[in-house]
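There are 2 protein chains.
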Amino acid sequence: MNDKKMLIGMQIGNGYGAQATSWMADNVDVRNYTNLDAHVRYAQAAERGKFQFLFLPDFLAQSQKTDHDAPLLTMDPAITMAVMARETTKIGFAATASTTFNEPYNLARTFKTLDVISGGRIGWNAVTTSDPASAANFGAQVADRDTRYERAHEVVQIVQALWGSWQEDAWVADKDRKIFADRSRIRPVNLQGRHVASRGPLEIPPSRQGQPVIFQAGGSPHSLALTGRFANAVIGATFTIEDSRRQRANVRRAAEQAGRNPDEIKFFAGIMPTIAPTKREALDRRGQFVEPGIRQRVRYLGTMLGLGLTADDLDRPLAEAELAAAQANPADPRSGTALQIAREGWSVRDILYHGIIDYHPSPIGPAEVTADHMQEWFEAGACDGFWLSPDVYEDGIDTFVDQVVPLLQQRGLFHTDYEGDTLRDHLGVDYQYGANH
Amino acid sequence: MNDKKMLIGMQIGNGYGAQATSWMADNVDVRNYTNLDAHVRYAQAAERGKFQFLFLPDFLAQSQKTDHDAPLLTMDPAITMAVMARETTKIGFAATASTTFNEPYNLARTFKTLDVISGGRIGWNAVTTSDPASAANFGAQVADRDTRYERAHEVVQIVQALWGSWQEDAWVADKDRKIFADRSRIRPVNLQGRHVASRGPLEIPPSRQGQPVIFQAGGSPHSLALTGRFANAVIGATFTIEDSRRQRANVRRAAEQAGRNPDEIKFFAGIMPTIAPTKREALDRRGQFVEPGIRQRVRYLGTMLGLGLTADDLDRPLAEAELAAAQANPADPRSGTALQIAREGWSVRDILYHGIIDYHPSPIGPAEVTADHMQEWFEAGACDGFWLSPDVYEDGIDTFVDQVVPLLQQRGLFHTDYEGDTLRDHLGVDYQYGANH
Ligand SMILES: Cc1cc2nc3c(=O)[nH]c(=O)nc-3n(C[C@H](O)[C@H](O)[C@H](O)COP(=O)(O)O)c2cc1C
Ligand SMILES: Cc1cc2nc3c(=O)[nH]c(=O)nc-3n(C[C@H](O)[C@H](O)[C@H](O)COP(=O)(O)O)c2cc1C
Numbered sequence: 001m002n003d004k005k006m007l008i009g010m011q012i013g014n015g016y017g018a019q020a021t022s023w024m025a026d027n028v029d030v031r032n033y034t035n036l037d038a039h040v041r042y043a044q045a046a047e048r049g050k051f052q053f054l055f056l057p058d059f060l061a062q063s064q065k066t067d068h069d070a071p072l073l074t075m076d077p078a079i080t081m082a083v084m085a086r087e088t089t090k091i092g093f094a095a096t097a098s099t100t101f102n103e104p105y106n107l108a109r110t111f112k113t114l115d116v117i118s119g120g121r122i123g124w125n126a127v128t129t130s131d132p133a134s135a136a137n138f139g140a141q142v143a144d145r146d147t148r149y150e151r152a153h154e155v156v157q158i159v160q161a162l163w164g165s166w167q168e169d170a171w172v173a174d175k176d177r178k179i180f181a182d183r184s185r186i187r188p189v190n191l192q193g194r195h196v197a198s199r200g201p202l203e204i205p206p207s208r209q210g211q212p213v214i215f216q217a218g219g220s221p222h223s224l225a226l227t228g229r230f231a232n233a234v235i236g237a238t239f240t241i242e243d244s245r246r247q248r249a250n251v252r253r254a255a256e257q258a259g260r261n262p263d264e265i266k267f268f269a270g271i272m273p274t275i276a277p278t279k280r281e282a283l284d285r286r287g288q289f290v291e292p293g294i295r296q297r298v299r300y301l302g303t304m305l306g307l308g309l310t311a312d313d314l315d316r317p318l319a320e321a322e323l324a325a326a327q328a329n330p331a332d333p334r335s336g337t338a339l340q341i342a343r344e345g346w347s348v349r350d351i352l353y354h355g356i357i358d359y360h361p362s363p364i365g366p367a368e369v370t371a372d373h374m375q376e377w378f379e380a381g382a383c384d385g386f387w388l389s390p391d392v393y394e395d396g397i398d399t400f401v402d403q404v405v406p407l408l409q410q411r412g413l414f415h416t417d418y419e420g421d422t423l424r425d426h427l428g429v430d431y432q433y434g435a436n437h
Numbered sequence: 001m002n003d004k005k006m007l008i009g010m011q012i013g014n015g016y017g018a019q020a021t022s023w024m025a026d027n028v029d030v031r032n033y034t035n036l037d038a039h040v041r042y043a044q045a046a047e048r049g050k051f052q053f054l055f056l057p058d059f060l061a062q063s064q065k066t067d068h069d070a071p072l073l074t075m076d077p078a079i080t081m082a083v084m085a086r087e088t089t090k091i092g093f094a095a096t097a098s099t100t101f102n103e104p105y106n107l108a109r110t111f112k113t114l115d116v117i118s119g120g121r122i123g124w125n126a127v128t129t130s131d132p133a134s135a136a137n138f139g140a141q142v143a144d145r146d147t148r149y150e151r152a153h154e155v156v157q158i159v160q161a162l163w164g165s166w167q168e169d170a171w172v173a174d175k176d177r178k179i180f181a182d183r184s185r186i187r188p189v190n191l192q193g194r195h196v197a198s199r200g201p202l203e204i205p206p207s208r209q210g211q212p213v214i215f216q217a218g219g220s221p222h223s224l225a226l227t228g229r230f231a232n233a234v235i236g237a238t239f240t241i242e243d244s245r246r247q248r249a250n251v252r253r254a255a256e257q258a259g260r261n262p263d264e265i266k267f268f269a270g271i272m273p274t275i276a277p278t279k280r281e282a283l284d285r286r287g288q289f290v291e292p293g294i295r296q297r298v299r300y301l302g303t304m305l306g307l308g309l310t311a312d313d314l315d316r317p318l319a320e321a322e323l324a325a326a327q328a329n330p331a332d333p334r335s336g337t338a339l340q341i342a343r344e345g346w347s348v349r350d351i352l353y354h355g356i357i358d359y360h361p362s363p364i365g366p367a368e369v370t371a372d373h374m375q376e377w378f379e380a381g382a383c384d385g386f387w388l389s390p391d392v393y394e395d396g397i398d399t400f401v402d403q404v405v406p407l408l409q410q411r412g413l414f415h416t417d418y419e420g421d422t423l424r425d426h427l428g429v430d431y432q433y434g435a436n437h
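Respectively, the protein sequence lines represent chains A and B.
Take UniProt numbering: the last position of the first sequence gets the number 437, and nothing is skipped along the way.
Take UniProt numbering: the last position of the second sequence gets the number 437, and nothing is skipped along the way.
No wet-lab data here; the hints were simulated from the structure.
Among these hints, one or two may not hold up.
Pairs involving identical chains hold if they fit within one copy or between any two copies, as the list cannot separate such chains.
[Said to hold, decoys possible] Derived DSS-like pairs: lysine-lysine, alpha-carbon spacing no greater than 25 Å straight-line:
1) Lys5 to Lys279
2) Lys90 to Lys175
3) Lys4 to Lys279
4) Lys5 to Lys50
5) Lys175 to Lys65
6) Lys4 to Lys178
7) Lys90 to Lys65
8) Lys65 to Lys178
9) Lys65 to Lys5
10) Lys50 to Lys65
11) Lys4 to Lys65
12) Lys4 to Lys50
13) Lys50 to Lys175
14) Lys65 to Lys279
15) Lys50 to Lys178
16) Lys5 to Lys175
17) Lys90 to Lys50
Isolated chain A, as found in the complex (with noise of 0.2 Å):
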């Protein structure tokens, strides 16, 4: 038996969970959009479970899309980020932030801060937007895809070099000789490139870990080409072990093409599940988050099987002339496990309590369900490591931590305690101080 365990990072949003009716459930407080003590309860849970690290989305538009949906986000990630890892000593926490729509300088600063404060435990989620709202905040266009990441190769070696710019012997600190910093140790980067530069240095001492570590997620060509060079970890989207396996093939490539070791980056697919003592509460459970979208959910359902359906057919299961002409839908990776889940019999409305419009896969039922899916996952090769969305935060996460995280760890997946202190202890990769190349 491989003694390899798996990793767990946990996305963090707008202080209800990860469903967008989520805020509606009748033990959330609806304040919590703006409550950060609702955020810190959840780290602090989330550290019981001894998970590697909190993910925070960032999108810089408004992200509520109907009036019955919550944003999807936290109001500003760095600083609830500051505030989680002030009222936490040991969990790890990465934060998305643009590589579009920030100064390296400033990004530079900020994530080195966050750093330094918490002890080692950041990392930095490198995005480059390609959202047209978003992009109208900043009274932009969407530039294309190769500008785009031409830029974040920029932004990314500037801000590593402004990391390194404070030399790891530079803070003399000595009250005696009178030098508080060595200033011929704290030098310039004269970074310039086609889209930013910055001359530094940045006046910031090494955190812990030295500096953030970089996260990206996604996989496109371009995406994963600034994966290989510069980060530790990569969350997939990716909805069957197959396609997992070979997405994660792809980001372990791309670190070999960059000069790197593939066991550098983790890959990390995600899952929402909804815990209960029952398939059938579980379903009910998740069923409260579908049941407001409900009826453009059926349509899409029906074209995720090649089928005409409408909320008429939502109390029904569907016919066996519908099953034999039903087909998954190759453009939407989900349809294959929406057709399965149609042909155990479920009701039309059952099939979407199943999540199976959700955006990771969404193991449904008592906690082995979960347990199982990510065992199968993990020992298949799909992942280092899962992305978990629970559905609610007030009580999703702590069900997951007492009910599944000790399966896992009887099962021998999953540590008992952190093995360091520092979010690259918890990923198990390499100190780094500087740009790498």
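Let chain A serve as the given structure and place chain B with the ligands on it in line with the hints.
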């Protein structure tokens, strides 16, 4: 007797004190630059003293000028402010951020988030950033003043409009009606300036004080126009009562010219006190921070007085003939005070120990000296309050709170408790939401 009370704001930077060499003091932990526990302790001490706000300066370049100086800044003001706000309940905060090297959408988001999570205790000191080293960190050169301020007007206007874009009644948060927020009341701002633009909206509800307060520092005609239009608080650089009255009158006139009530802008005069039981002890306390750079300072003192002084002159008072020949250099507004102290017969070293080359007036001696200075300036209408720069935070804040604050309170000059919960309450300025014109 007028029952108007003075306001007190305190500068907080690197974790040591306002003196660049204060990190060397015996009672100071040299690691405080990166230790936010220290900043929190200082914020709590200032809150115990019922100060209206803490003020975080900011520059976007290396601020350590010699090996024996510490940086003057906190690593990242927004992060430091987030942490201090979480761990206090009443005191307000104002952080400096550049209108030139930040995008309005990012500024609006970070400051409104801070305002919401702190319960309405945040201000933004909007500066245009005129130093070349900062510009170089963004691959830029310093633009002329017209351009910088034209951009600043656009940035502040867009920021305030974004702050108002989530209307005050938009957050319905009604589980029964399944409405999180009414998107028809979260509206784009569609502002397009010459330098910056943003569509909006910003997805953040009102804070307890509506939105952050605008601060300004400095008094050039350009800066006055920005102040008059947007600010509720101004920090001056002023060395005499007459000059301070003039600056305050300028600020009030600028408000009137912008069609605002001049009482809506509070003018703050700086002070850098050193407090000890006796004058001699206070001079020696201050002197330890003057000593590391004293050879340069003695020469500069010569320039202030029109005399050729060197380090050889340190341990003697000025001779009769020198005093007769000395003239206060009109190019430096501190020269008058330097000459007056020289005439009191102090040695050149002790003249320098009076802090006469510091960037704000420096009352030196027992607590009464500082209290008398504040009373005199306040009663002369030189200011609405003071911007306090303690020499060493570690004990300097507590000393001020325990010794100066009670004197001011006994004299009826300073409040004995907070009047409300928000920064606007503390400053006595009106609620504002959105752009004011
Ligand atoms: C799990 C996951 C999380 C993501 N989170 C974010 C995010 O928070 N913010 C963002 O702008 N993009 C996010 N993305 C989008 C990707 O970073 C990337 O921009 C997207 O896949 C488009 O790729 P492209 O720019 O190469 O076309 C995420 C993608 C995945 C798979
Ligand atoms: C008390 C005081 C504090 C200031 N703090 C800052 C600061 O933290 N950051 C900054 O860039 N400028 C700061 N300034 C500078 C002014 O905002 C302004 O840029 C400077 O006076 C030059 O003015 P001008 O741009 O109109 O020429 C400060 C000025 C004063 C008087």
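Here is what the structure says about each hint:
1. For a Cα distance limit of 25 Å, the shortest separation of Lys5 from Lys279 qualifies neither inside one copy, at 28 Å, nor across copies, at 66 Å.
2. With identical chains, the CA atoms of Lys90 and Lys175 are never at most 25 Å apart, being 32 Å at best within one copy and 36 Å at best between copies.
3. Taking the shortest alpha-carbon separations for Lys4 and Lys279, neither the intra-copy value of 31 Å nor the inter-copy value of 68 Å comes in at or below 25 Å.
4. Within a single copy, Lys5 and Lys50 get their C-alpha atoms as close as 12 Å, which meets the 25 Å cut-off; across copies the closest is 52 Å, which misses it.
5. Taking the closest pair of Cα atoms, Lys175 and Lys65 come within 25 Å of each other only across two copies (17 Å); inside a single copy the shortest separation is 57 Å, beyond that limit.
6. Taking identical chains as interchangeable, the C-alpha atoms of Lys4 and Lys178 are never at most 25 Å apart, the minima being 49 Å within one chain and 45 Å between chains.
7. Proximity of Lys90 and Lys65 under a CA criterion of 25 Å is satisfied in neither setting, with 35 Å inside one chain copy and 36 Å between copies.
8. Taking CA atoms no more than 25 Å apart as the test, Lys65 paired with Lys178 passes between copies only; the shortest distance there is 14 Å, against 58 Å inside one copy.
9. In this assembly of identical chains, the alpha carbons of Lys65 and Lys5 never lie at most 25 Å apart, being 38 Å within a copy and 49 Å across copies at closest.
10. For the identical chains of this complex, Lys50 and Lys65 are neighbours neither inside a copy (33 Å) nor across copies (44 Å), given an alpha-carbon limit of 25 Å.
11. Taking CA atoms no more than 25 Å apart as the test, Lys4 paired with Lys65 passes in neither setting, with 41 Å inside one copy and 50 Å between copies.
12. Taking identical chains as interchangeable, the C-alpha atoms of Lys4 and Lys50 lie at most 25 Å apart only when both belong to the same chain, with a minimum of 16 Å there against 55 Å between chains.
13. In this assembly of identical chains, the alpha carbons of Lys50 and Lys175 never lie at most 25 Å apart, being 40 Å within a copy and 33 Å across copies at closest.
14. Within a single copy, Lys65 and Lys279 get their C-alpha atoms no closer than 30 Å, and across copies no closer than 66 Å, so neither meets the 25 Å cut-off.
15. In this homomeric assembly, Lys50 and Lys178 never come within 25 Å of each other (Cα to Cα): the closest approach is 43 Å inside a single copy and 35 Å across copies.
16. For the homomeric pair Lys5 and Lys175, neither the shortest alpha-carbon distance inside one copy (46 Å) nor that between copies (41 Å) is at most 25 Å.
17. In this assembly of identical chains, Lys90 and Lys50 lie within 25 Å of each other by CA distance solely inside one copy; the values are 8 Å within and 35 Å between copies.
Hints 1, 2, 3, 6, 7, 9, 10, 11, 13, 14, 15, 16 from the earlier list are contradicted by this structure; the remaining hints agree with it.
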